[in-house]
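Visitor: Protein chains in written order, with my numbering: chain A, 1 to 133; chain B, 134 to 521; chain C, 522 to 869.
A few of these clues could be false.
As the list claims (entries may be wrong) - Pairs of lysine-lysine, BS3-like flavour, derived with a Cα cap of 30 Å:
1) A:K50 x C:K688
2) A:K113 x C:K717
3) B:K443 x A:K132
4) C:K556 x C:K834
5) B:K362 x A:K45
6) B:K362 x B:K146
7) C:K651 x C:K834
8) A:K113 x C:K730
9) A:K132 x C:K730
10) A:K113 x C:K806
11) C:K730 x C:K688
12) A:K132 x C:K834
13) A:K113 x C:K609
14) C:K861 x A:K100
15) C:K865 x A:K100
16) A:K31 x C:K609
17) C:K849 x A:K74
18) C:K688 x C:K806
19) A:K26 x B:K455
20) C:K835 x A:K50
21) B:K443 x B:K455
Please keep in mind that the hints were generated in silico from the structure rather than gathered at the bench.
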Amino acid sequence: MSVARHWRETPGRYNLIGVKCGNCGKVFFPKRTLCPECRRSSMGKMNAYKLKAEGTVFTYSIIHDAPAENNSIKPYAVAMILTDDDVLITGQLVDVELEKVEIGMPVRAVLRKMSEDGETGVINYGYKFAPKN
Amino acid sequence: MRDVAIIGIGTTKFGEIWDASFRDLGIEAGLKAMHDANLTGSEVDGMFIGNMSSGRFINQHHIGALIADYAGMASRNVPATRIEAAGASGGIAFRQAVMAVASGMNDIVIVGGAEKMTDVTDEATNSILDSATDQQWEATMGVTFASLNAMIARRCIHEKIVTREEMASMAVNSHAHGALNPDAQFRKAIDLNTVLKASMVADPLGMFDCAPISDGASAVVLCPLDMAKKYTDRPVKVASSAQASDTLALFQRKNITTFDATVAAAKQAYSLAKIEAKDIAVAEVHDHFTIEGILALQDLGLFKRGEAGKAVMDGQVMVGGKVAVNTSGGLKARGHPIGATGVAQIVEITKQLRGDADKRQVPNAKYGLAQNVGGTGSAVVVSIMEAI
Amino acid sequence: MDVGIVSYGSYVPRYRITPAEIGRIWGIDGTAMGKGLFINMKSVPSPDEDVITIATEAARNMMSRCSVDPQEIGAIYVGSESHPYAVKPSGTIVAEAICATPNLTVADLEFACKAGTAGIQICMGLVGSKMIEYGVAIGADTSQGAPGDALEYSASAGGAAYLIGSKDIIAKINRTLSYTTDTPDFWRREGSPYPKHGGRFTGEPAYFKHIGSAARMMLSEMNTEPSDYNYAVFHQPNGKFPMRMAKELGFSDEQVNDGLLTPHIGNTYSGAVPLGLAAVLDVSKPGDRIFAVAYGSGAGSDAFDITVTDNMKKYKRSAAPTVAERLKDTIHLDYGRYAKFKGKIVMG
């Protein structure tokens with residue numbers, strides 16, 4: 001992925017910054033320009049909102065057939081996390097014994113390396129989820 | 134709006150077709166459909182081609198012009214349009230063609246669906262499939278397309294909507310039918326243990342829960358119903374074709390154990406066709422993953438929520454059961470050349486309604502349905518065909 | 522104006538490997554090796570962890586324990602000898618990750634194992650001179666040891682972050698001083714994946730001479746005796762060196778034990794003294810006096826004389842995990858998984 005394409009998303013990637021509709025109060029992640037509920041009346045009112053960095057595992061999978069860039073870490077866990085502000089978000093689960101992953105497990109967001117463009121290219125960082133301690 | 138009829142169908146074999154190129158496949162399917170409709174070619178006044186990712190599979194965009202050219206339509210300047218909606222590309226191309234004929238804009242339209250997947254590595258194929266998800270907020274996170282479906286499956290098992298074994302029986306059903314389809318990629322019946330003991334792809338989904346990588350193309354020819362008898366004595370009526378969208382990313386959904394887009398498209402399709410789910414005798418559903426097949430049976434209203442899995446397990450979706458599902462073998466056994474799938478479903482339903490389905494024929498089928506999904510339920514098209 | 526620690530946060534990766542397991546692969550009695558080094562196990566970073574993620578985790582823990590607005594942070598220094606980039610700062614990512622951008626200065630530091638404490642000194646100067654309100658100094662490493670080399674038994678990962686300021690300080694830094702010479706005991710050339718060392722030359726003329734000199738200077742300038750301190754933290758490349766150093770200077774085992782983490786996590790290099798100090802702050806109470814001396818090869822030592830203030834009572838220490846809690850929450854690796862984590866599996 002190009003440097004700029006990742007860089008412009010860093011508020012979401014690093015700090016889980018989404019938006020809250022100034023009209024109906026609903027929270028969305030990632031950021032979007034328009035509230036899907038309020039549409040036109042939300043224009044200009046979609047304010048930056050930092051999601052709570054803690055939540056629980058809503059569902060998960062252990063990936064065995066991995067994308068090329070993750071071949072060296074397979075098998076690994078991915079999950080949909082329900083954050084404490086009731087927003088679903090998808091990411092990897094790290095620092096966990098795969099057989100201990102379960103629905104409802106409390107987790108927190110951590111910043112981790114997501115990908116790197118080969119040995120000489122840029123390293124991309126973003127959120128993953130680790131067991132809450 | 135005019136009623137629309139299917140007057141010709143054609144398909145290549147699906148599978149690893151090493152000696153055929155993208156254009157070879159597309160032309161073979163198209164010629165078979167034209168031959169089936171008794172056309173010379175000069176009657177065609179519009180083309181739609183469903184294709185997901187020729188740009189990445191064969192580094193070729195501009196598929197409309199390519200197929201028009203090699204089908205011999207370029208010299209007659211026939212308009213050709215390529216449609217992309219990930220896994221739903223073929224089904225939506227079909228719906229666009231139906232609308233073109235129904236509106237009176239076109240009379241004789243050929244719809245093709247094609248994908249040439251084996252010219253790239255399996256890893257590249259997986260990456261292309263992943264691009265049907267939200268690239269920036271799902272695939273980038275290391276989530277694969279299979280794992281998204283696995284997370285749906287996990288949640289469905291957790292909510293007791295289906296059991297692991299019931300889900301697996303969806304693949305057993307598709308393979309049992311695929312064994313009877315000479316064009317299918319896998320013509321071999323399997324048992325439940327084969328599915329349950331297969332190597333893991335994305336836990337809980339194993340190799341036999343997932344559709345294969347396939348090459349293939351399918352085509353159908355449409356015309357106004359009142360002109361159909363001019364070309365064939367066995368036209369099949371398009372009773373309705375409805376399409377619906379949902380969020381691109383799965384995590385944006387309120388509920389991941391149902392595809393709202395299937396529910397919405399089905400509701401509209403039944404309403405336009407003036408029938409109910411119970412009237413469907415044969416259905417082709419989008420079982421890219423076994424769990425998707427189970428969800429389809431429920432979301433289409435063919436079975437109640439929580440009962441589809443048991444019905445599959447009990448053989449109720451086999452030919453001779455309550456409703457025959459994926460008589461072609463489905464995506465799992467027929468194969469899933471992505472852009473071709475939606476059109477291949479129409480080909481199978483047409484065969485069934487004509488009475489041409491040989492050993493897998495559903496007796497006296499009046500209505501048949503095809504459900505084609507793009508992404509994790511982000512785009513769904515449901516079409517209903519009627520024997521006349 | 523008193524300058525000191527306003528908040529702090531620590532981080533140690535969750536994975537561990539024992540010297541016995543490493544020795545098993547290389548035909549060495551790892552248990553004996555571990556005993557000799559006084560290292561029972563070492564921390565191993567997850568494949569997706571590096572100095573930037575470790576520094577971020579430590580900094581976030583630091584911020585969660587205080588109510589300082591990150592926008593008031595005027596400087597961030599990340600000290601490490603394993604910055605992921607040769608050119609491109611680690612600190613900018615940390616700054617973004619704690620929402621401290623854009624009105625601040627950031628730089629990465631390198632002075633072998635003492636770059637973190639060098640950052641504390643720089644922040645003290647900036648705060649003391651009123652150039653900035655708050656400064657962040659982080660020491661973190663994912664240190665490298667060549668497979669089979671003696672360093673493989675100790676080189677580990679971890680880090681700690683310090684918010685330096687003058688308001689609501691939980692610990693006052695009474696004095697800091699340094700002792701620096703050119704002593705090439707340990708180095709890593711640009712582009713080399715693993716460091717090299719001068720073997721036994723790293724001991725007497727390097728570690729012991731520099732820490733000893735800085736420590737004695739501090740005791741002399743502050744007119745104190747070792748017994749005036751509740752805790753002492755020394756750089757800890759293994760468990761043996763700091764114990765011997767403490768004894769030579771007249772500190773007891775009891776003063777050293779709380780800040781001696783190497784037996785549990787190995788040598789975290791730039792993270793070593795910052796983490797040791799964090800472990801001490803985790804258990805300290807108002808009035809406690811702490812003696813800390815870092816060492817960086819090449820070579821130099823930074824000494825600190827610290828007094829815990831009354832603010833420690835209301836400080837939200839429990840808002841982030843303590844070092845001791847991190848030591849309990851571990852996953853053990855065998856060498857195969859360790860090699861996979863380290864990206865050492867290359868099939869020829």
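Visitor: If a hint holds in the structure, say so; if it doesn't, say that too.
Guide: Results of checking the hints against the structure:
With a CA separation close to 27 Å, the supplied pair K50 (chain A) and K688 (chain C) stays within the 30 Å bound. A threshold of 30 Å between alpha carbons decides the hint, and for K113 (chain A) with K717 (chain C) the separation of about 27 Å falls inside it, so the pair holds. Our distance criterion of 30 Å between C-alpha atoms is broken by K443 (chain B) and K132 (chain A), whose separation comes to about 38 Å. For the hint linking K556 (chain C) to K834 (chain C), the alpha-carbon distance of about 38 Å lies beyond 30 Å, and the restraint is violated.
Under the criterion of a C-alpha separation no larger than 30 Å, the hint pairing K362 (chain B) with K45 (chain A) is inconsistent with the structure, at around 58 Å. Pair hint K362 (chain B) plus K146 (chain B) holds up; C-alpha atoms about 28 Å apart against a cutoff of 30 Å. A distance of roughly 27 Å separates the Cα atoms of K651 (chain C) and K834 (chain C); the hinted pair therefore holds under the 30 Å criterion. The hinted pair formed by K113 (chain A) and K730 (chain C) fails the criterion: a straight-line CA distance of about 39 Å is larger than 30 Å.
Only pairs whose Cα atoms come within 30 Å are accepted, and K132 (chain A) paired with K730 (chain C) is rejected, the gap being roughly 43 Å. Under the criterion of a C-alpha separation no larger than 30 Å, the hint pairing K113 (chain A) with K806 (chain C) is inconsistent with the structure, at around 37 Å. Taking the CA atoms of K730 (chain C) and K688 (chain C), the gap is about 36 Å. The hint is violated against a cut of 30 Å. Proximity of K132 (chain A) to K834 (chain C) is assessed by CA-CA distance (about 26 Å); at most 30 Å being required, the pair is judged to hold.
Of the pairs offered as hints, the one joining K113 (chain A) and K609 (chain C) holds, with about 15 Å between alpha carbons and a cut-off of 30 Å not exceeded. Between the alpha carbons of K861 (chain C) and K100 (chain A) the distance comes to roughly 21 Å, so the proposed pair stays at or under 30 Å and holds. For the suggested pair K865 (chain C) and K100 (chain A), the alpha carbons sit about 26 Å apart, so the restraint of at most 30 Å is met. Pair hint K31 (chain A) plus K609 (chain C) holds up; C-alpha atoms about 28 Å apart against a cutoff of 30 Å.
With a C-alpha separation of about 26 Å, the suggested pairing of K849 (chain C) with K74 (chain A) holds against the 30 Å cut-off. Using a Cα cut-off of 30 Å, the hinted pair K688 (chain C) and K806 (chain C) holds, with the two alpha carbons roughly 18 Å apart. The suggested pairing of K26 (chain A) with K455 (chain B) is violated, with an alpha-carbon distance near 44 Å, which exceeds 30 Å. A hinted pair counts as satisfied when its Cα atoms are at most 30 Å apart, and K835 (chain C) with K50 (chain A) qualifies at roughly 27 Å.
Simply put, K443 (chain B) and K455 (chain B) have alpha-carbon atoms about 13 Å apart, close enough for the 30 Å limit, and the pair holds.
Consistency with the previously given hints fails for numbers 3, 4, 5, 8, 9, 10, 11 and 19, ordered from lowest to highest.
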